Amino acid sequence: MSRLELVGRVGILKQHLRMGFTTKEMEAYIRGLIPNLAQLRDMDPSFVPMYCRIAAHKFFFFCDPHRRGKACIKKVLLSNCLQELMELHQESEEEVTDTEQAENWFSFTSAQRICDMFIALDKTSSSSLSKQELREYGDGTLTEIFIERAMVTALVCSTLFDEHVRRGKSGGGRIREMDMDSFLNFVLALENKDTPEGLTYLFRCLDLQGRGYLTTADIHSLFRDVHHKWIEGGNYELCIEDVRDEIWDMVKPVDDLKITLADLLACKQGGTVASMLIDVRGFWAHDNRENLLQEEEEPEEE
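Residue numbers for the sequence shown follow my numbering, beginning at 1 and rising by one.
The hints are simulated quantities; they were obtained by calculation from the structure and are not laboratory data.
Among the clues, some could well be false.
What the hints assert, rightly or not - List of simulated lysine-lysine pairs, DSBU-like, C-alpha gap at most 30 Å:
no.	residue 1	residue 2
1	K193	K252
2	K268	K252
3	K193	K123
4	K70	K24
5	K123	K229
Computed from a predicted model, the values in this text were never measured in an experiment.
Given only the sequences and the hints, what does the whole structure look like? Please build it.
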């Protein structure tokens, strides 16, 4: 894309500066960019609507903090999202590695991965995920209590569309199910745990009592599921109270009796703490951080 074309696209963005972009407008804007982005221009036309939906969702996740269904244009223009999208201007075969494509949410590779993941989890082909189906996300390493909280709070955490969690009938009871848009928020939060937006989403799930803070009892309840999976995996026995104390030392909350979202953001380790409380693989990575760091620093053998 030439500089003139890019300026033109930015001009379109600025036209909506006062009111903000709706979901459909953002999807249309992205659709208009596709022919000029080297890594997307050959995309199968049948996948374009799904691609635009997935791509637009990241803008709203980061640029619509109040979840009003309109992305603040100033935030869009200043966000890393727009820069990340424009990186697809590079010729993929010559300039971009497979790893870079996979890590860029806006790449075709990433969008296809997200779509395939949802389809694989949706065993009943209902276009929504039950709690049982969501348990299989990430090889089943997420805890039961986190999955339950993610399902319960999906409607609160995701307001892009009118229905993020629909209620369907199964047997004699009513169950909550997570649709594609809520799933995108779920994935974005897990893949961006160190950002304020990702951590805000996760904190809502961790806040078991909805009080705006976590107590030692909450930490104990949350980590109990991690501990169960940890022992199931054949790992050494550990003391939940020791982990709880370690988390308190990592966060250093303003109030010694409770941890708030502000505390997690301020300590710069909020993403790590969240991982330790919701994902046995995340706790394993923290527990083995020194070994992992050493492996990264060791030069590769030629």
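Hints not upheld, ascending by number
Of the numbered hints, all hold.
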